[in-house]
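Engineer: Chain by chain, the residues run as shown.
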Amino acid sequence: MANTDNNKMTIIATKGTFDWAFPPFIIASTGVAMDKEVTIFFTFYGLNLLLKDTSKLRVSPIGNPAMPMKMPFGPKWLQKIDFGPKLPNLFWQIPGTEWMATFLMKKTMAKHGVAKMEELRAMCQEFDVKFIACEMTVELFGYDKSDFVDGVEFAGAAKYFDEAASGDHHLYM
Amino acid sequence: MADETLDASGLNCPLPILKTKKALSKMDAGKILDVISTDAGSVKDIEAFCNQTGNKLISTAEEGGKYIFTIEKA
Numbered sequence: 001m002a003n004t005d006n007n008k009m010t011i012i013a014t015k016g017t018f019d020w021a022f023p024p025f026i027i028a029s030t031g032v033a034m035d036k037e038v039t040i041f042f043t044f045y046g047l048n049l050l051l052k053d054t055s056k057l058r059v060s061p062i063g064n065p066a067m068p069m070k071m072p073f074g075p076k077w078l079q080k081i082d083f084g085p086k087l088p089n090l091f092w093q094i095p096g097t098e099w100m101a102t103f104l105m106k107k108t109m110a111k112h113g114v115a116k117m118e119e120l121r122a123m124c125q126e127f128d129v130k131f132i133a134c135e136m137t138v139e140l141f142g143y144d145k146s147d148f149v150d151g152v153e154f155a156g157a158a159k160y161f162d163e164a165a166s167g168d169h170h171l172y173m
Numbered sequence: 174m175a176d177e178t179l180d181a182s183g184l185n186c187p188l189p190i191l192k193t194k195k196a197l198s199k200m201d202a203g204k205i206l207d208v209i210s211t212d213a214g215s216v217k218d219i220e221a222f223c224n225q226t227g228n229k230l231i232s233t234a235e236e237g238g239k240y241i242f243t244i245e246k247a
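The listed protein sequences derive, respectively, from chains A and B. Here this note's numbering is used: the first residue of the first sequence is 1, the next is one more, and so on. Here this note's numbering is used: the first residue of the second sequence is 174, the next is one more, and so on.
These are computed hints drawn from the structure, not numbers from a lab. Some clues are possibly wrong.
[As the list claims (entries may be wrong)] Negatives, chain B to chain A, calculated, CB over 12 Å:
(1) Ile190
(2) Leu197
(3) Met200
(4) Asp201
(5) Asp212
(6) Asp218
(7) Ala221
(8) Gln225
(9) Gly227
(10) Glu235
(11) Gly237
(12) Glu245
[Claimed, not checked] Incomplete in silico selection of chain B near chain A, CB under 7 Å:
(13) Gly183
(14) Leu184
(15) Asn185
(16) Pro187
(17) Leu188
(18) Leu191
(19) Lys194
(20) Phe222
(21) Thr226
Beta carbons: idealized from backbone N, C-alpha and C, even for Gly.
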């Protein structure tokens with residue numbers, strides 16, 4: 001079916017942790033697969049999602065009290081325990097624990113057949129999702145345009161409105 | 174009989190949809206695609222995908238934990 005103007009969707013992606021990298025790319029790639037025309041406007045920490053080097057993306061259990069913390073391996077009884085509410089915030093201040101939480105989340109995702117963030121991002125680009133990086137925050141955080149993947153457009157808030165004007169489906173993430 | 178078969182076993186949302194879209198885009202209208210998935214969520218998702226894209230969901234079957242969707246490309 002042809003893309004029409006009222007079939008357009010925009011997403012504002014503002015979060016830059018490993019866990020929050022997924023919702024914008026999942027919704028955007030599914031949207032284009034279902035014949036929508038999709039634009040993602042990445043601003044503030046959301047710029048992380050466009051970096052060529054995504055190794056700094058981590059999931060932080062600190063200040064993330066709703067996050068389930070289950071082991072992706074080991075005996076069944078162990079995998080059932082949710083360590084999230086059991087471990088005090090103090091624990092997550094020990095160096096290396098954030099890295100460990102990220103590692104375990106990646107393991108869990110792989111086990112469940114969830115795509116890698118880079119894979120979803122590449123699929124978005126293959127399906128022509130438009131990526132716009134907020135120019136102001138790119139400068140504010142001292143990024144170089146070459147830090148980002150190819151095909152990113154750099155523009156400001158007015159450009160977002162221009163993109164959103166013809167659509168009827170707009171999400172803030 | 175299907176013209177093409179896509180095995181999306183072991184893949185989770187949204188990969189079965191994305192792979193289905195890719196497979197269909199390489200096919201001609203009227204051709205039949207079988208999609209095999211182990212993701213229970215794909216039952217509603219493939220139906221929704223077909224609703225929105227105009228492709229025709231001819232049948233859905235379950236066989237030993239696997240779902241088989243037969244889609245006619247619009």
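Engineer: Can you name, in rising order, the numbers of the hints this structure does not satisfy?
Structural biologist: Violated: hints 1, 2, 5, 6, 7, 8, 9.
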